[in-house]
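Those protein sequence lines, which keep their order, are chains A and B. One point on numbering: in the working numbering, the residue at position 44 of the first sequence is 44, and numbering is uninterrupted. Just add 334 to the spot in the second sequence (first one is 1) and you have the working numbering.
Everything labelled a hint here was simulated from the structure, so no lab data went into it. For every residue, glycine included, the Cβ atom is placed at its ideal position computed from N, Cα and C. Hints are supplied without guarantee of correctness; some may be wrong.
[Unchecked claim] Below are the DSS-like pairs computed for lysine-lysine, each with C-alpha atoms no more than 27 Å apart in a straight line:
#	chain 1	residue 1	chain 2	residue 2
1	A	Lys70	B	Lys517
2	B	Lys404	A	Lys197
3	A	Lys239	B	Lys573
[Claimed, not checked] A few chain B positions that, by computed beta-carbon distances, are all more than 12 Å from chain A:
#	residue
4	Met335
5	Leu346
6	Asp364
7	Glu373
8	Arg375
9	Ala381
10	Asp411
11	Glu425
12	Glu497
13	Met500
14	Arg504
15	Leu522
16	Leu529
So the chains spell out like this:
Number of protein chains: 2
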Amino acid sequence: MIIAIDAMGGDLAPTSNVKGAIEAAREMPDVRIVLVGDEARLAPMLAQAPKNIEIRHAAETIEADEEPVKAVRRKRDSSLVLGVTMVKNKEADVIISAGNTGAFMTAALLITGRIKGIDRPALSPIVPTTDAAGVMILDAGANMDAQPKHLLQYAIMGSIYAEKVMGVARPRVGLLNVGTEEKKGNDLTKEAHSLLKESSLNFIGNVEARDIMEHVCDIVVCDGFSGNILLKTMEGMAKTMMSVMKEEFTRTITSQLAAMMLRPGLRRVKNQMDYAEYGGALLMGVQGTCIKAHGSSNARAIHAAIRQAKKFVEHDVNSLIAREIQGESRDEYV
Amino acid sequence: MIIAIDAMGGDLAPTSNVKGAIEAAREMPDVRIVLVGDEARLAPMLAQAPKNIEIRHAAETIEADEEPVKAVRRKRDSSLVLGVTMVKNKEADVIISAGNTGAFMTAALLITGRIKGIDRPALSPIVPTTDAAGVMILDAGANMDAQPKHLLQYAIMGSIYAEKVMGVARPRVGLLNVGTEEKKGNDLTKEAHSLLKESSLNFIGNVEARDIMEHVCDIVVCDGFSGNILLKTMEGMAKTMMSVMKEEFTRTITSQLAAMMLRPGLRRVKNQMDYAEYGGALLMGVQGTCIKAHGSSNARAIHAAIRQAKKFVEHDVNSLIAREIQGESRDEYV
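The shape of chain A in the complex, shown without the other chains:
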């Protein structure tokens, strides 16, 4: 298996990408890892690296603030575009990028294309839960104006992922809504509710945003706008609370001492609420396997994404999705 990494993407690139890749290469000697990026910068960092890690030179880098479509069209030699192209050309089984999300989604869609039968791909991150199992959100921002049938497709894709990669039997699908009652919500959720109810998926009905962290379901489906709001509110709130806490913990000598005593516990809380622990966001529904790591990914996050990528490829999730959406077994769901 070959896992390509956009070495130049992300706030902490290339250092964290290289470090995470080296850790993963040591852990998984049967995997080949290809760092796509500026060879002159990357080569010196690989002095101590194991043999199953190599460099593929890319002359350009797409920056975080570049306009996605333009960037992908113009920077054909960028690490991001080259990495996705490698997947398209079967030179790699998967590409992981912590770079420009829009550019990555654009490249995935333009270069590798959609899985036949999937109308819209979904950006599918896994968000933290109090039991540390994680819940997949589809869609967290790929498709802003979704239709009910898109949400059904998200549910099918998410169910396959949760079953194969997360190891959940009959994953529970929840529809993000403003209340649990069947009639709640907007036009989209009301129609999607009917579609999901008629399917053979393990649909548990509407779920409220505040219950997701309690792991009331394994997969949450929603339009990309709402999913993005959900994701960023969770992220912002966790960050805000951590920083407010930190302020209190450093206020007096007593509180500093107390914080020191609590350090192991605080670290556990931080890890539990840390996206990095749960891997990256899959671009579910595109032909090539593309994983979007968080923009501020550290080595640990990249390492987790590589682990996730390996499972995804091993279980051949994309083929299963294609088969479910197109094949005889379609009747099973729709």
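Fit chain B to the given chain A structure using the hints.
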């Protein structure tokens, strides 16, 4: 000024409502507070109450899980419906309820009606910020499928509230979106962005959910579905983090000791993240002044909502809204 309270509404009713009302009545001797509810239950609780607090008997109670429209139509003698009716009949200047949100919105709309020129009322809570100033969200769940012009009206209403009640000069209006760039979002936000940009409001552009707690703007406008997701995610995340922390703090004797040392700081964090401190959610755009307190409101939350109600009435916010929406000064905004 007469402030009516739905004494029977909310998870902690009637105790917390009565306690909060008594506290407020002591603090504001110029205000008359009317507790609407079951006299037999309420009277014994008012033994020590100041003279500016009284009871208006209501024979029925609308429960939290009742279907809103049915409940309002059938339970005409309920504390919730009677309270709203008092506002309609000018027997009270404002009604505060911690009860069934849907029923309260329905009653407000059916009984007092909309302000002329307002197409859709907005449920408008104030969410916590790290600087404790708070940000008003319009709409957090009254109108699920909003149109761009509704968002403009929310912005006008919110600006008046922030200026008059929160004391903010030229309140900054943000449009909830998935990115700060102008072209981001769904069909609704793209059109709303143009409308807001053309208005004379202090529109600062798109805001991301994760930045709201940092007080990047004073008012956030959005459709009721997204606003509800935002609100409940903030609430859920704060609650989850507090409970995860609590677990760590009680894990060992050392952590228990440390948590004791940190108690004042932890209480400050809890208060800062506590909705109760910021008052209730206004139903902006309805004729009568209606404030929805959080379902789990304690005495402190009810007290805060009464304080907020007083300011709202003193500044005659509803008349200002009506004048802005209908009057000559409409040109100023649209």
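Cross-check of the supplied hints:
1. Restraint check for lysine 70 of chain A and lysine 517 of chain B: the C-alpha separation of about 14 Å stays at or below 27 Å, so the hint holds.
2. Taking the CA atoms of lysine 404 of chain B and lysine 197 of chain A, the gap is near 26 Å; set against the 27 Å cutoff, the hint holds.
3. Distance hint between lysine 239 of chain A and lysine 573 of chain B is fulfilled; the C-alpha atoms sit about 14 Å from each other, no more than 27 Å.
4. Every Cβ of chain A is farther than 12 Å from the Cβ of methionine 335 of chain B; the closest lies at roughly 33 Å, confirming the non-interface assignment.
5. The claim that leucine 346 of chain B lies off the interface holds: its Cβ sits roughly 19 Å from the closest Cβ of chain A, which is beyond the 12 Å cut-off.
6. Listed as a non-interface residue, aspartate 364 of chain B keeps its Cβ farther than 12 Å from every Cβ of chain A; the least gap is roughly 36 Å.
7. Distance check for glutamate 373 of chain B against chain A: the nearest CB is about 33 Å away, which clears 12 Å, and the non-interface claim stands.
8. No Cβ of chain A approaches the Cβ of arginine 375 of chain B within 12 Å, the least distance being about 29 Å, so the stated non-interface status holds.
9. Distance check on alanine 381 of chain B: its Cβ is at least 38 Å (rounded) from any Cβ of chain A, clearing the 12 Å threshold; non-interface status holds.
10. Look at aspartate 411 of chain B: its CB is around 25 Å from the nearest CB on chain A, clear of 12 Å, so calling it non-interface holds up.
11. For glutamate 425 of chain B, the requirement that its beta carbon stay farther than 12 Å from each beta carbon of chain A is met, with the minimum near 32 Å.
12. With a least beta-carbon separation of about 26 Å from chain A, glutamate 497 of chain B lies farther than 12 Å from that chain, consistent with its non-interface assignment.
13. A cut-off of 12 Å between C-beta atoms confirms that methionine 500 of chain B is not in contact with chain A; the least separation is 20 Å.
14. Non-interface status of arginine 504 of chain B relative to chain A is upheld: no Cβ of that chain comes within 12 Å, the nearest being about 25 Å off.
15. At roughly 8 Å from the closest C-beta of chain A, the C-beta of leucine 522 of chain B falls inside 12 Å, breaking its exclusion from the interface.
16. Listed as outside the interface, leucine 529 of chain B is consistent with that label: its C-beta sits roughly 18 Å from the nearest C-beta of chain A, beyond the 12 Å cut-off.
In summary, the one numbered hint that this structure violates is 15.
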